[in-house]
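Below are the chains, spelled out letter by letter.
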Amino acid sequence: MRAVISYIGRNRSLLVGTVLLLALAAFVFVGALLVDTENARPLSVPILRPPSWDYPFGTDKTGRDLFAVMVVGTPLTLRIGFIAGFLGVGFATILAFTAAFYRGMTDTIIRSIADIGLTVPSLLVLILIAVSIRGSLTVNQMALIVASLAWLNPTRTIRSQVLTLRERGYVELAAMSGMRGPEIIFCELMPNLLPYIGATLVSSVSSAILASIGLEVLGLGPMEAPTLGMTLYWVNFYAAMINGWWWWWIPPIVIIVVVFLGLFFVTVGLDEIANPRLRRSA
Amino acid sequence: MTELLRAEHATKTFGPLTALSDLSLTIDERRPAITAVVGESGSGKTTLARVLLGLEMPSSGRVLYRGKDLRTLGTEARMTFRREVQAIFQDPYEVYNPFYRVDHVLLTPVRKFRLAMSAAQRRALIEAALRAVGLQPEEILGRFPHQLSGGQRQRIMVARALLLRPKLIVADEPVSMVDASLRATILTSLRTLHEELGISIVYITHDLATAYQISHNILVMYRARVAEAGATDGIVTRPEHPYTRLLIASIPRVSSERNWGAAAEAAAAGPGGAGCAFMGRCPEGGAACAATPPPLFRTAVDRAVACYRYREAPELAGADLGEVLIGRPGAPPPDPAKGREAL
Amino acid sequence: MSGAVLEVTDLCVSYAHPLGLVRAVDGVSFRLAPGERFGLAGESGCGKSTMALAILRMIRPPGRIDGGSVRLDGVELSSLSREAMRQLRLAGIALVPQGSMNSLNPVMRIGRQIEDALANHGVALPRKALNARIADLLSTVGLRGEVAAMYPHELSGGMKQRACIAIAICLSPRVIIADEPTSALDVVVQRQVMETLARVQRDLGAAVILVGHDMGLMAQFVDRLGIMYAGRLVEVAPVGTMVTAPRHPYTRALISSLPSLDRKGELQGIPGLAPLLRDLPPGCAFHPRCPLAAERCRREAPALRTAGEAAVVACHFAETAP
Chain A
4 MRAVISYIGR NRSLLVGTVL LLALAAFVFV GALLVDTENA RPLSVPILRP PSWDYPFGTD
64 KTGRDLFAVM VVGTPLTLRI GFIAGFLGVG FATILAFTAA FYRGMTDTII RSIADIGLTV
124 PSLLVLILIA VSIRGSLTVN QMALIVASLA WLNPTRTIRS QVLTLRERGY VELAAMSGMR
184 GPEIIFCELM PNLLPYIGAT LVSSVSSAIL ASIGLEVLGL GPMEAPTLGM TLYWVNFYAA
244 MINGWWWWWI PPIVIIVVVF LGLFFVTVGL DEIANPRLRR SA
Chain B
-8 MTELLRAEHA TKTFGPLTAL SDLSLTIDER RPAITAVVGE SGSGKTTLAR VLLGLEMPSS
52 GRVLYRGKDL RTLGTEARMT FRREVQAIFQ DPYEVYNPFY RVDHVLLTPV RKFRLAMSAA
112 QRRALIEAAL RAVGLQPEEI LGRFPHQLSG GQRQRIMVAR ALLLRPKLIV ADEPVSMVDA
172 SLRATILTSL RTLHEELGIS IVYITHDLAT AYQISHNILV MYRARVAEAG ATDGIVTRPE
232 HPYTRLLIAS IPRVSSERNW GAAAEAAAAG PGGAGCAFMG RCPEGGAACA ATPPPLFRTA
292 VDRAVACYRY REAPELAGAD LGEVLIGRPG APPPDPAKGR EAL
Chain C
296 MSGAVLEVTD LCVSYAHPLG LVRAVDGVSF RLAPGERFGL AGESGCGKST MALAILRMIR
356 PPGRIDGGSV RLDGVELSSL SREAMRQLRL AGIALVPQGS MNSLNPVMRI GRQIEDALAN
416 HGVALPRKAL NARIADLLST VGLRGEVAAM YPHELSGGMK QRACIAIAIC LSPRVIIADE
476 PTSALDVVVQ RQVMETLARV QRDLGAAVIL VGHDMGLMAQ FVDRLGIMYA GRLVEVAPVG
536 TMVTAPRHPY TRALISSLPS LDRKGELQGI PGLAPLLRDL PPGCAFHPRC PLAAERCRRE
596 APALRTAGEA AVVACHFAET AP
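Chains as they are written, first to last, in our numbering: chain A, 4 to 285; chain B, -8 to 334; chain C, 296 to 617.
Isolated chain A, as found in the complex (with noise of 0.2 Å):
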């Protein structure tokens, strides 16, 4: 542990990262025994207060508690955002390694696919998806509709990565000690990849989530829950910003790009350790 702990210490991307989500961590959880979650709700509170004692963060035109907002708002959109991404990576994951390790004509398949659903852009794509449900939507279902093209490109760089891995010698070594194809991928290939598979993750769970917080500020989120994006689109619904309503939208926006860096560096740091050129010596 002390080892991991030094190391973080020295890569200092992925300490100004994990510091970053560290603090929007004990935001979440400070500020939930500070408030009313109910508050999050419309219709709870005074409308249109600016930021006051009782309401650190102001109220919103509906009656919302913005502080709750946030507080409730942010865990929903990082949930999105990582179920969506470990959906997407675990996905590619295994499709990545079955192409590369068998190649021949699973390869073409896997790989063509990937490739044709990489031309059409993503955006348009979950749009469609998010108008054609009727009804409205759950936050799990928005994770799922994000997850649907996360694994596109995560197959394609995980496969590549598995293609040069699966010429070392080891591998071969493995097949002449009677280890036989999957147990080769699952205990030879599988592990020297982590790292790679970790930073993966970590960009796929941030594109995840500026893929939800998309679809939702332009209305096509879930339309109950007191998200990041969902807020921003109630900010353009009501016009806040030019009825100077600025303690409406200032919030949502500093969390959004405070998420966005620490996850950011994390990946930065997650690369390093990934790539071992790119470490500076201990």
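Source of the hints: derived by calculation from the structure; they are not laboratory data.
Quick reminder that beta carbons are idealized off the backbone N, C-alpha and C, glycines included.
Incorrect hints may have been included.
[Unchecked claim] Distance windows between CB atoms, simulated:
| no. | chain 1 | residue 1 | chain 2 | residue 2 | range |
| --- | --- | --- | --- | --- | --- |
| 1 | C | Leu316 | A | Leu25 | 31 to 41 Å |
| 2 | A | Tyr10 | C | Met403 | 41 to 51 Å |
| 3 | B | Gly189 | C | Gln563 | 23 to 33 Å |
| 4 | B | Gly189 | C | Gly330 | 52 to 62 Å |
| 5 | B | Gly189 | C | Gly500 | 52 to 62 Å |
| 6 | A | Phe189 | C | Ser324 | 54 to 64 Å |
| 7 | A | Val7 | B | Arg57 | 44 to 54 Å |
| 8 | A | Val260 | C | Ser339 | 47 to 57 Å |
| 9 | C | Glu449 | A | Leu197 | 48 to 58 Å |
[As the list claims (entries may be wrong)] Partial list, computed: chain B residues near chain A (C-beta under 10 Å):
| no. | residue |
| --- | --- |
| 10 | Leu44 |
| 11 | His197 |
| 12 | Phe288 |
Assemble chains B and C onto chain A, guided by the hints.
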């Protein structure tokens, strides 16, 4: 069936490049021997190793394991094949998965081939194998590959091969990436494996001197074909193929005499034509050399040469090199004390 | 004594490694007579390649030349400005590096690379004269004129190495340092390349330092041989003497470990492992593996002392050993 491995007119091409051409060789388990395959890079010796090991399938011709084509081996037969035919590779760095300790490389075959019944038995087996190659288990087990030297890693590979008690080990340049002072130890342990356990060894190398020291037979390869093959002593002291002669004359000797002074002929390593691949550099040569590559002529009971100079001699039956090597049917067993055929 | 074309005195090179200071070259001294062929042999990690780079003052951080002097024709190289040293490289001392494959620019034709070398040292000739000079250089190393228009990947390993030799001699240097010039080549091509180098060197009257680990190559090519171990020179002698009557225990072990093509015998190695350069044993660096090791060897590192004509050995038992 005592024929362990048999290559029949095996040829391997990679696109336009012919890496191995028409090689036939039988390895019989009743008469184990150490056979060196010597050649420059690009001569086909590594391809030969990989084809024998089943890591590459020949483009034409076939390789039989105990009479069965390697391509059609069932799962169980494949396991037996892997058990009886093992390999030691050239690069002692690449064969280790950096994620695992070196124990992994020894435990895997023990597990997969069920060589031990309990954890204690496993450990005993592994420790014995390490000691047999001159390593101390306490210094080796539990370490990561990057903590050990190249020589130690390669010795672990020999120990690994030993665990399985194979009938044949194909060692592809096992000491070329190891320090000179450690080469002797590794090569000696290979020879000991042969002498004590009757394991046949195919030793691929570019270093004719080490081949001379430990092997009973030598196959000299040039441009995907075997130029000359036979008992080691004969090949080194009385080489017959012009390429073998050139090779031996070019090796710098560690002696106060300057034998290198002899004039070198023109480099002219041109592209292969239809005939003998060595034609462009050959000091002798006739009309026949340009037409087709020469077949293997059997110039002695223990020698075959692919050169038209020897066309008076009969052609080697089936072009099977196994006929002229020690380990051939009817050959007396090699004398370990002299490292050559007992007379 | 004057007359030496290259004089290395007490050269020390170290690298800063996080786990300790690495003494790659520790007080190495030798002289090179004009036109002489000197071999610098040792196993991997003994410091010989670092020596070659240090002579050319091409050591980069974290490496550093700690001390000692290198004189070319009496001129102290450390006193030269950077520009003067740059001019001296190739014109005074040339390097034929290891691994010809990597030292030639893959996207430039051979002729152009020779041109570059000449131009960088202020040789400005009209086109016709330049082409003639290049063709001349190529034929000196046994390459056909057409090679000037070819790219490195179109040449074989031996031809590439000879092209490197051509670049190395284009300004007629006084000293040629060849660092394992034939390690990637097969035996037959190796002989051709070395014979080319020998001829070229004789014609130019240049001295050659051959760095390598192939004792057979040394025996056939050099006049005098220096053996390095753990960053120090342990023995220097005429090559014939060294091969037939080596004095240092390491040299003896090294020579007897070489497999011969004349006689079958027991293959011998040298027990133990070469020491890590950042963690050298006290006293003589070889003592943990030496059959003659005594208490004195653990305490005191032996200095190079004369033993016999023209030979020096760093061993406490040099005189007494048979």
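task = Kindly indicate which numbered hints from before are broken by the structure, ordering the numbers from low to high.
result = 9, 11 and 12
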